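Q: Please work from the sequences and hints to get the whole structure.
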Amino acid sequence: MSVVGIDLGFLNCYIAVARSGGIETIANEYSDRCTPACISLGSRTRAIGNAAKSQIVTNVRNTIHGFKKLHGRSFDDPIVQTERIRLPYELQKMPNGSAGVKVRYLEEERPFAIEQVTGMLLAKLKETSENALKKPVADCVISIPSFFTDAERRSVMAAAQVAGLNCLRLMNETTAVALAYGIYKQDLPPLDEKPRNVIFIDMGHSAYQVSVCAFNKGKLKVLATTFDPYLGGRNFDEALVDYFCEEFKTKYKINVKENSRALLRLYQECEKLKKLMSANASDLPLNIECFMNDLDVSSKMNRAQFEQLCASLFTRIEPPLKAVMEQANLQREDISSIEIVGGATRIPAVKEQITKFFLKDISTTLNADEAVARGCALQCAILSPAFKVREFSITDLVPYSITLRWKTSFEDGTGECEVFCKNHPAPFSKVITFHKKEPFELEAFYTNLHEVPYPDPRIGSFTIQNVLPQSDGDSSKVKVKVRVNIHGIFSVASASVIEKQNVEGDHSDAPMETETSFKNEGKDDVDKMQVDQEEGGHQKCHAEHTPEEEIDHTGTKTKSAPSDKQDRLNQTIKKGKVKSIDLPIQSSLCRQLGQDLLNSYIENEGKMIMQDKLEKERNDAKNAVEEYVYDFRDKLGTVYEKFITQEDLNKLSAILEDTENWLYEEGEDQPKQIYVDKLQELKKYGQPIQMRYMEHEERPKALNDLGKKIQLVMKVIEAYRNKDERYDHLDPADVEKVEKYISEAMSWLNSKMNAQNKLSLTQDPVVKVSEIVAKSKDLDNFCNPIIYKPKPKVEVAEDKAKANSEHNGPMDGQSGTETKADTTKDSSQHTKSSGEMEVD
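Letter 642 of the sequence shown, counting from 1, is numbered 675 in my numbering, and no numbers are missing.
By construction, these hints were calculated from the structure, which means they are not laboratory data.
These numbers come from a predicted model, not from an experiment.
You may find that some hints are simply not true.
Claimed, not checked - Each computed SDA-like pair below joins lysine to any residue, with the alpha-carbon atoms no more than 25 angstroms apart: (1) 135 to 117; (2) 284 to 317; (3) 305 to 376; (4) 646 to 144; (5) 393 to 370; (6) 741 to 776; (7) 668 to 696; (8) 824 to 752; (9) 512 to 473; (10) 469 to 451.
A: In structure tokens, the structure reads:
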């Protein structure tokens, strides 16, 4: 089973795999460890990764990049509209309202959902993994930003399905980095001691994330996470681009932003310049040839200018650092180390801001680019039964507080409660108890919309069905389990009704189990909620044993001590039985892809993969013709020159030239079979020449081998004739057969060589190398068993006499009994000599 971790970045992607030797980042077909998050669509095929990146400028309208922020968002989303200005390709509103891209593929305009686009990229990463591992890949762990909402996370999960991947976990990027850091640490404090707190800062191309994590031996807990989803390396690139656009407008009188290709080239050059300034403080040149309107442009920039230009961006680094410390309730002295990853953290001013805030040197022990992928691969290995990994538990958190709302029959008409607060541990389950007489709907939404980089606070609605009153008319007790799962996605996992049976005496709604009360001020007790907490979805835990708090019909809060609750529980057990019945749940999730639509995306991806395969085969067939033309024409003037007549040379040269012209004219775009037929036609002319050359080159060796074998056999025959004792065991009739066979072989060989010597190099050979090799094998098969027949073994006279004695029985008047006695005696003597004693 393969274990793969995928860092699905905004600009680049990385793949890490777990092997017996550890975690390894694998390279693609270009021997590059990073694969650009880029897809280029053409008239016949798709290019993905490095091949697509090279087409960004040449195929600008159909090359898709920078699409990560479009996941799970509607077309009208402000973020989508902001991104739309930046992107050179066209965005389109899909039938379900989500954002999609519109490109030209297979000679027609086609819309693609973001799930399809990311699915294409993931399918490419899957193929790269399979090529490196030499086996199929299905299970994986994919990284996502920690600030992704439920809709965005579900969108990435759908993209993984489109690619044919089974995503075992969507892992927050900073959590993956923390795992890659902590699992190898041998000096972490024991579980019963104060944990080691480490800050992880990840500033990539499009986002800035900060997490503080607590480490103990074999344990990682994320305490808090903050982020700026709109600050990253590309913001610094944009600052440079804007500066140079203004300069070129003044200096060269050109408006760069009106020309998509020129703008893309400027972005590429500014990105290179930014990287150079991270290592050099001196003036650095910017030169672009034939930039726009056949103009060559040039300028320069240094680090001081750059920092002044981006001063407003650098001020945004500190607020998330301050917020994460406040949320984790930590002071600077509580932090053990600060680890930085992500390409943008290489900017000196970014490092300076972080150091200035923490008053501590930052650490770069992790690979800035590959740490996320390595952490994902480690998590995949932990989740996979095929790998044995050091025990290491991971507790992530909920990035935003989540509230449930439902309808009531009272004045305000709704009830609500916050089921998960910000930075709540995850994965986590809670069981909420409702008292209802009919089906009801729960609406989940993010509590504080200003904290969420998403315009719609809704997560989804969940209808609990088949709820009926109890047989005595009382409200039914409905237990609803809500959960934030391993992917960080909220759901109503299950619902069940507690049905009373055979109840005698009191019909009070005593709790069926000890429950931690959930405060619901201002609501009637019909909608009161009691929360059972299930950490990780397994063993129930109760953080505190406070008195149960309920609200009766008058709104007065009543409390009962834990001992009273246990008495009530015992009374209920004595009075009757209860039965739990599972209830169906109908979910309606915000921006959720329908299964039919997802299936159609999966089917379309399969078709596109097949189209790519067919196009590759067609191109390979075309390239084979082109390669044959160039290779054969080159050899006609060198190694094949002696093996073709001048007339045939002129004729074949003309055919090769015609084929070359055809390839670049009407043969430019032909079906695969046309190229296959064309190659076969060329080989009809070329193969005889190639065959004469190969025969000429290999014939001497084959003849030499056969001649040596004939001579060896003849030497054996001569030795036999000279009464050599080594061969005196051979059968004369067999030797005669060998002699006759060798004579015929020599005659055959001499006749073929004489005939071949009379031919010119331009004529086909009389005898082929394969015939000579076959003759040589026949000689071995016929002669070797005879001439190399092993000599029979000669028995020694003494052994022969002993054998005869045993066969003929007693000799010289001795009886058989005596002989046996003598043998026994000898045996006893031998026994004595071995150290044993006998007494007669």
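Q: Indicate, hint by hint, whether the structure satisfies it.
A: Evaluated hints:
1. A threshold of 25 angstroms between alpha carbons decides the hint, and for residue 135 with residue 117 the separation of about 12 angstroms falls inside it, so the pair holds.
2. Among the hinted pairs, residue 284 with residue 317 is consistent with the structure: their alpha-carbon atoms are about 18 angstroms apart, no more than 25 angstroms.
3. About 12 angstroms separates the Cα atoms of residue 305 and residue 376, which keeps this hinted pair within 25 angstroms; it holds.
4. Between the alpha carbons of residue 646 and residue 144 the distance comes to roughly 22 angstroms, so the proposed pair stays at or under 25 angstroms and holds.
5. At most 25 angstroms may separate the alpha-carbon atoms for a hinted pair to count; residue 393 and residue 370 meet this at roughly 8 angstroms.
6. Restraint check: the Cα-Cα separation between residue 741 and residue 776 comes to about 14 angstroms, which is no more than 25 angstroms; the hinted pair holds.
7. About 20 angstroms separates the Cα atoms of residue 668 and residue 696, which keeps this hinted pair within 25 angstroms; it holds.
8. At most 25 angstroms may separate the alpha-carbon atoms for a hinted pair to count; residue 824 and residue 752 meet this at roughly 15 angstroms.
9. With a CA separation close to 12 angstroms, the supplied pair residue 512 and residue 473 stays within the 25 angstroms bound.
10. A threshold of 25 angstroms between alpha carbons decides the hint, and for residue 469 with residue 451 the separation of about 20 angstroms falls inside it, so the pair holds.
The structure is consistent with each of the numbered hints, conforming to all of them.
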